[in-house]
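Number of protein chains: 2
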Amino acid sequence: MAGHVSDAVIRRLPGYYRHLRELEAAGVTSISSQELGERMHLTPSQIRQDINCFGGFGRQGYGYKVSELKGHIGEILGLTKEHQVIILGAGNIGCAVARYPTFSREGFKTIAMFDVTEDKVGTRMGDIPVYHMDELEKFLAAHPVDIAVLALPKRYAQDTLQRLYDSGVRAIWNFAPTDLQHPDDMLVVNVHLMDSLQQLSYRMAHRENAE
Amino acid sequence: MAGHVSDAVIRRLPGYYRHLRELEAAGVTSISSQELGERMHLTPSQIRQDINCFGGFGRQGYGYKVSELKGHIGEILGLTKEHQVIILGAGNIGCAVARYPTFSREGFKTIAMFDVTEDKVGTRMGDIPVYHMDELEKFLAAHPVDIAVLALPKRYAQDTLQRLYDSGVRAIWNFAPTDLQHPDDMLVVNVHLMDSLQQLSYRMAHRENAE
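Just so you know, the sequences run in chain order A and B.
According to this note's numbering, the first sequence is numbered sequentially starting from 1.
According to this note's numbering, the second sequence is numbered sequentially starting from 1.
Read the hints as simulated data drawn from the structure, not as lab findings.
You may find that some hints are simply not true.
The list that follows gives simulated cross-link-like pairs (lysine-lysine, DSS-like), each with its CA atoms no further than 25 Å apart [as the list claims (entries may be wrong)]: (1) B:K81 to B:K65; (2) A:K109 to B:K138; (3) A:K120 to A:K109; (4) B:K120 to B:K81; (5) B:K120 to A:K120; (6) B:K154 to B:K138; (7) B:K120 to B:K109; (8) A:K109 to A:K81; (9) B:K109 to A:K154.
With the rest of the complex left out, here is chain A (with noise of 0.2 Å):
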């Protein structure tokens, strides 16, 4: 079903899988392609053309199920089943992610911290423990880990991905602002937080042209 889905489509899937939480959240049980369109600033068309690309949901002039789709979505984006996750560094980054509510409530569970900093190792951040990055490997043979997130600075990065990798770790969230070399048998998604921030200078500097 998703095998036909393009790169565009699956970078709108996640916005489709927001909206519809907060369409749910608010009590709405169903929605049209034009009112979908209107929050998600696009053509009631191209909603349809989405929503049928992903599994055939259109349901022109009824409108469409907002659980139902966002059950069906949630499924395509891998919600249904829940994530160990780890945390590498647990500065201010590092603590925004552990702290951030919709991710546990999503199944990514963080499970542990590892920092190298006195004061932080041997503590808890809420109910995580934090532990010394030299336990990495033996925490990662004792504990399934999905997800590794990496909140550390660039320069350390490489390093921990690579025993990450050795110690059987395939997924990577990335927030070092740097675009780290890893086996095909990775995944490496990266946060890369002054790309965004250059798109809004950008965006700002050709003013005339943004939407």
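Use these hints to put chain B onto chain A, whose structure you have.
Positioned in the frame of chain A, the structure of chain B alone reads:
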């Protein structure tokens, strides 16, 4: 010059800038489309097309001059101008942005933070003073601000955006996990962390299709 630049190229521009900065820091003075393509996981012909597209720096067979190309892309990205920035919310994300070393180096200068928490208001985050949210309008009347960073809970984001707009701020970098309504002459770029994490879980669920 930048009038013909497609959205896809604009999305890639910050990546070019990042790689060229790293190359410059490593002492590399010129690079071929082949080598740059390998670093960026693009084909040499895509590199040449992109670079032609944003200003005809094509030097096939001779390579690109790293500093010159970086300077040119920096100009297109609006990085030659200094941007005055304020951060709304002095929690983990606000502090991570305030402390991100690259931002100030690239001309994004945080001049104030705002919060409502008693133990934060009146303190300084490094050099940056933290004011009470009630002082926002007074501050903006006295200081021109180019970009406001929304790093506060979702439920306060929309009202705060309106206050910023009413005080003349026209560009928002939004970390609140919601899509904000905004006037046409206000630019909003979102960092939706959940979208990024869901792209990772999508790729994990459909690993056979991943890069």
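Hints versus structure:
no.: 1; hint: B:K81 to B:K65; result: holds (23 Å)
no.: 2; hint: A:K109 to B:K138; result: violated (42 Å)
no.: 3; hint: A:K120 to A:K109; result: holds (20 Å)
no.: 4; hint: B:K120 to B:K81; result: violated (31 Å)
no.: 5; hint: B:K120 to A:K120; result: holds (21 Å)
no.: 6; hint: B:K154 to B:K138; result: holds (24 Å)
no.: 7; hint: B:K120 to B:K109; result: holds (20 Å)
no.: 8; hint: A:K109 to A:K81; result: holds (11 Å)
no.: 9; hint: B:K109 to A:K154; result: holds (21 Å)
Hint violations for this structure: numbers 2, 4, all remaining hints satisfied.
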